[in-house]
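Use these hints to put chain B onto chain A, whose structure you have.
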Amino acid sequence: QKEVEQDPGPLSVPEGAIVSLNCTYSNSAFQYFMWYRQYSRKGPELLMYTYSSGNKEDGRFTAQVDKSSKYISLFIRDSQPSDSATYLCAMSGGGYNKLIFGAGTRLAVHP
Amino acid sequence: SAVISQKPSRDICQRGTSLTIQCQVDSQVTMMFWYRQQPGQSLTLIATANQGSEATYESGFVIDKFPISRPNLTFSTLTVSNMSPEDSSIYLCSVVGWQGLNYGYTFGSGTRLTVV
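Quick note, the sequences are listed as chains A and B, same order. Everything in the first sequence is counted per my numbering, starting at 1025 for the first residue and increasing by one. Everything in the second sequence is counted per my numbering, starting at 157 for the first residue and increasing by one.
One chain only, chain A, in its complex shape:
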């Protein structure tokens, strides 16, 4: 079993839809949870960061962490074609602990 599981998709939605991206994990030591966006032929870009459980909102993006269920989510409201990218969840135990990535979910938002 992988430490972090993420459905690779692809996920195709119409413009304006609410997108839900999810990851599950098995290591209860994980405390830091991140979402990265990666456009084709680019390096990953940090999108959201959450420490421990709870919600965090930034514009159209909301990150949720449920440590009791070992489940994290990223919601994108009013999705735009420019949101078309691969979204990777990542997590670590903190400090300089190794960052473990999910497989990434490829999202396509069509006009």
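Please keep in mind that the hints were generated in silico from the structure rather than gathered at the bench. Heads up, a few of these hints could be off.
[Said to hold, decoys possible] The list that follows gives simulated cross-link-like pairs (lysine-lysine, DSBU-like), each with its CA atoms no further than 35 Å apart: (1) B:K163 / A:K1122; (2) A:K1122 / B:K221; (3) B:K221 / A:K1026.
Below, chain B without anything else, positioned relative to chain A:
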């Protein structure tokens, strides 16, 4: 947040040869990380590079194949040695720290390596 420059951005190499990838950060950082992203796959950590000490390699990666240098707090190199087609990947360097209100790893734009 840190800005990372990686060179080369891409290369096509013959099997059996070696390629050295350079990573320059615009600020001093204690640790630098090298990742590999194989086609259609997620990111896998190769090694962690501290200035002034030997790099720490993850399981499945060895120094003879992926030697790393870290001569100062802003620069590191990763060499992919004796390359085979299986080494065709994107190689990324990364540093950790705060980016505004977010804490996480900043990545360079990567080196896209094709081995023929």
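How the hints compare with the structure:
Between B:K163 and A:K1122 the CA atoms are separated by roughly 24 Å; this keeps the pair inside 35 Å, and the hint holds. About 21 Å separates the Cα atoms of A:K1122 and B:K221, which keeps this hinted pair within 35 Å; it holds. Taken as a hint, the B:K221 and A:K1026 pair is honoured in the structure, with Cα atoms around 25 Å apart against an allowance of 35 Å.
Violated hints are absent here; each numbered hint is respected by the structure.
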